[in-house]
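So the protein sequences, as listed, match chains A and B. Position 85, counted from 1, in the first sequence is what the numbering used here calls 1129; the numbers after and before it change by one each time, with no gaps. Position 101, counted from 1, in the second sequence is what the numbering used here calls 103; the numbers after and before it change by one each time, with no gaps.
By construction, these hints were calculated from the structure, which means they are not laboratory data. A portion of the hints provided could be inaccurate.
Going by beta-carbon spacing under 8 angstroms, a handful of chain B positions derived as facing chain A [as the list claims (entries may be wrong)]:
(1) 19
(2) 23
(3) 99
(4) 100
Heads up, the beta-carbon is just placed ideally off N, CA and C, and yes, glycines get one too.
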Amino acid sequence: MVAQDPMGAGRSALSTEAIRRLLAAALLLGAAILVAVSLSAAWLVARDQEYTGWVNHTYTVERHISRFSVLFERAEAARRGYLLTHDDRYLVGYRDSATALPKELEALQALTGDNPRELAAITELEPLLSNKLNTLEASMRAAQTQSMAAPTDAATLEEDQPLVSQIRELLARMVVEENRLLQIRTERQTANADLLLAAVLTAGALLAALSIGAVILVRRYAADLDGSQAELRSVNEGLERAVAERTADLTRANDEIQRFAYIVSHDLRSPLVNVMGFTSELEVSLKPLQALLHEVEEKAPSIPLKAAREAVQADLPESITFIRAATRKMDRLINAILRLSREGRRTLTPEWLDMGDLLGGIVESVQHTALERGATIVLESPLPTISSDRLAVEQVFSNLIENALKYAKPGRPARIVVRGLTTGSGCAFEIEDNGRGIATADHERIFELFRRSGPQDQPGEGIGLAHVRALIYRLGGSITLDSELDRGSTFRISLPRTLLRDRDQTA
Amino acid sequence: MNTHQPVNIIMIEDDDGHARLIERNIRRAGISNTIHHFTDGTSALEFIFNGSEGPILNGPAMVLLDLNLPDMSGTDILTRIKSVDKLKRTPVVVLTTTDDKVEIQRCYDLGCNVYITKPVNYESFADAIRQLGLFLAVIQVPEVTE
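Next comes chain A alone, as it looks inside the complex (with noise of 0.2 angstroms):
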């Protein structure tokens, strides 16, 4: 298909471009999640980190309340069994842990100093714990100096027994505050673990979700990408034929405006011939008659002879000078047809042309013309190497050089500088005189056949720059000007690098 739908095209060109924002949105959503589940993850972290703090600090308080406890029933159960036995082992377990007891109470103190209810029960403990020590010292004191062999009454021994339950009921209240507060410090870090467990499912699954969109959508784009290559390919392959049928249209229509200057430009020669011929022969004829006017003058002087004498001596021959000049005049412009027509016809042939030399070789064979006419011509290197037809190459060159020479401004010595360089695919070169110039009107009559410019006072017929201009539209290339009256010329020529094999040869 050469014919595309364009509205596909732009619709296709579109949803690329839509496509691509999405998938860069896409990224960008994906690290935004990324970066929010990092920070997230690490706050939650974080708070994991305080709850395990408060749920050691909870067990902390509570190995110190079980300890106070232990040391606590310790001392009870050492002054009960001192008070029984006196033996002095027991008096030794009693004082360390009257002497541990109270240091206890004030770590539970310091450790719980962020808990009213706790403080509460340590200070209601303080003064139970200092009069039950001291009720313990007491009977302990007393014990001593008793004898030895009267055991302590049970009476002595349970006499502070309700200011014991209510140590015990106190540290068993706290025990029981501790343990509610590591239900909720539990629960609080339970419930944290869920948190970060969830936000990282979530993210996990946005992430997925993206991942997933962005490769359908890479794949569209892909798809898309594709559609529009084979699109393109089509649409090359259309224009690559058409240029060719058009190419050969144009080498048709070339090759008969060819072969029609060739045919016309011969056969306009033929009557130019009898023209010619014929005038010659009235010269011939008129020599007798001149002859003949004068004897006739001489023998005879009374016949009147003065129209006679005036056609033959001076009216005839204006006339046929003005036939010869008039028919030289034509074949010379119908020669140059036939040349033109001829250098079109002729095959093309390139090969590799420093251009330097080539240029080196025209200048030479001006160069006595220069000479004479004290002009300097430069070419400034480097020059580039071109593939091309050499003939018409130089053609186009010594026909430029060769008119900057002869167009030089009188009285300005002629300065011609000639320079090349490589542009991409093709090359540039500049002839540049400070010659007399080209009015601007003229700028494009001057390529045209039989066209001149400025004072006619050279030499020619105004075929140079029409055969330069065909020559170098043959040789795939164009040709410019850029021209001020009395300043100079400047002609731009552009050709291809290398010139295509000639596909037009005439049959």
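On the provided structure of chain A, position chain B as indicated by the hints.
Chain B in isolation, oriented as in the chain A frame:
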């Protein structure tokens, strides 16, 4: 037996003006040989091959040939003449308006003896024709000795 036979000039030229100019110049050069003028290729070939006064049946000849003829190309006539034993030594002078090198070479390749372009510069053309008169005098020699 041909020793004293004069050379016939066969002029094949479709342009009457050119023919007249050529004839005048030939006469002016002092050549009085018979000139047979044909304006197309068919009748010229008919005369050359079958004419009772034609070169095959009747003596030596020289051919003045224009390349642009209405019914055939001059080179066809040239080929025909040069391919026949009895005619291949007949001098052929090609007279045409073309100065195309390729065509000139082709004519020489086909056996043309002289190639003269019809220039608009009449004097040089007349000169060439007068040279032809001298040429005519020269070619009679081998014919005589043969």
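Now for the hints, and whether the structure bears them out:
1. 19: Interface hint status for residue 19 of chain B: holds (4 angstroms vs cutoff 8 angstroms).
2. 23: holds (4 angstroms)
3. 99: holds (4 angstroms)
4. 100: holds (7 angstroms)
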